[in-house]
Amino acid sequence: APGAEGAAALLRELLTPATGFPLPAAPDGQIILALDTALGGTGEEGYGLTVAPDAVLLRAARPAGLLHGVQTLRQLLPTEALVPRPVRAERWELPCVEITDRPLLSHRGFMIDVARHFQPVSWLRRLVDLLALHKLNVLQLHLTDDQGWRMPVPA
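Per my numbering, residue 23 is the first one in the sequence shown, and the count goes up by one each step.
Do not rely on the hints blindly, as some may be mistaken.
[As the list claims (entries may be wrong)] Restraint-style ranges between C-beta atoms, simulated for each label pair: (1) Pro46 x Glu112: 41 to 47 Å; (2) Val119 x Gly65: 55 to 61 Å; (3) Thr41 x His129: 21 to 27 Å; (4) Leu98 x Ala48: 17 to 23 Å; (5) Ala111 x Leu165: 39 to 45 Å.
[Unchecked claim] List of simulated lysine to any residue pairs, SDA-like, C-alpha gap at most 25 Å: (6) Lys157 x Cys118; (7) Lys157 x Glu112; (8) Lys157 x Asp50.
By construction, these hints were calculated from the structure, which means they are not laboratory data.
This one's a predicted model, so the numbers in the text were calculated from it and none came from an experiment.
We put the CB at the ideal spot given by N, CA and C, even for glycine.
Please take these sequences and the hints and turn them into a complete structure.
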């Protein structure tokens with residue numbers, strides 16, 4: 023659906039490596055992602071997800087909500103679907119559910135001190151993926167530190 027292209031691309035990028043499903047864009051597909059202004063009560067990041075035996079419908083008022091819904095789809099799949107390489111599975115199945123979700127807090131963050139504890143870029147990329155999976159929306163990188171307190175404090 024118009025406006026949902028980014029979320030659809032993310033869904034393909036995240037699920038195709040493990041499942042092998044190409045998840046092509048098609049107007050009559052079994053997975054439908056749609057922006058729906060009628061869901062305005064879910065806020066900027068809320069979404070509605072319906073998984074039926076024959077189709078998946080993910081709706082949100084804003085693109086950020088669709089992105090969170092994509093992460094919920096990942097959470098509903100077996101953990102093997104989270105790996106970035108082909109996984110042999112008998113069947114990939116989603117449970118039938120009806121979910122309406124929105125974050126309680128607008129700021130859901132994580133801080134990491136990369137100034138004193140160096141991490142490779144590949145590790146940081148994996149961290150960002152895991153933060154998105156858990157629907158955190160702020161990453162604070164602590165980039166500099168000299169172990170000293172330089173601000174004058176009256177004694």
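Each hint tested on the structure:
A hinted range of 41 to 47 Å is violated for the C-beta pair Pro46 and Glu112, which are about 23 Å apart. The supplied range of 55 to 61 Å is broken by Val119 and Gly65, whose beta-carbon atoms lie about 20 Å from each other. Against the hinted window of 21 to 27 Å, the Cβ-Cβ separation of Thr41 and His129 comes to about 33 Å, which falls outside the hint. Our hint of 17 to 23 Å for Leu98 and Ala48 holds, since their Cβ atoms are close to 21 Å apart.
For Ala111 paired with Leu165, a C-beta distance near 41 Å keeps the hint of 39 to 45 Å intact. A distance of roughly 21 Å separates the Cα atoms of Lys157 and Cys118; the hinted pair therefore holds under the 25 Å criterion. Under the criterion of a C-alpha separation no larger than 25 Å, the hint pairing Lys157 with Glu112 is inconsistent with the structure, at around 29 Å. Among the hinted pairs, Lys157 with Asp50 is inconsistent with the structure: their alpha-carbon atoms are about 29 Å apart, more than 25 Å.
Going down the numbered hints, you'll see the structure goes against 1, 2, 3, 7, 8, while the others check out.
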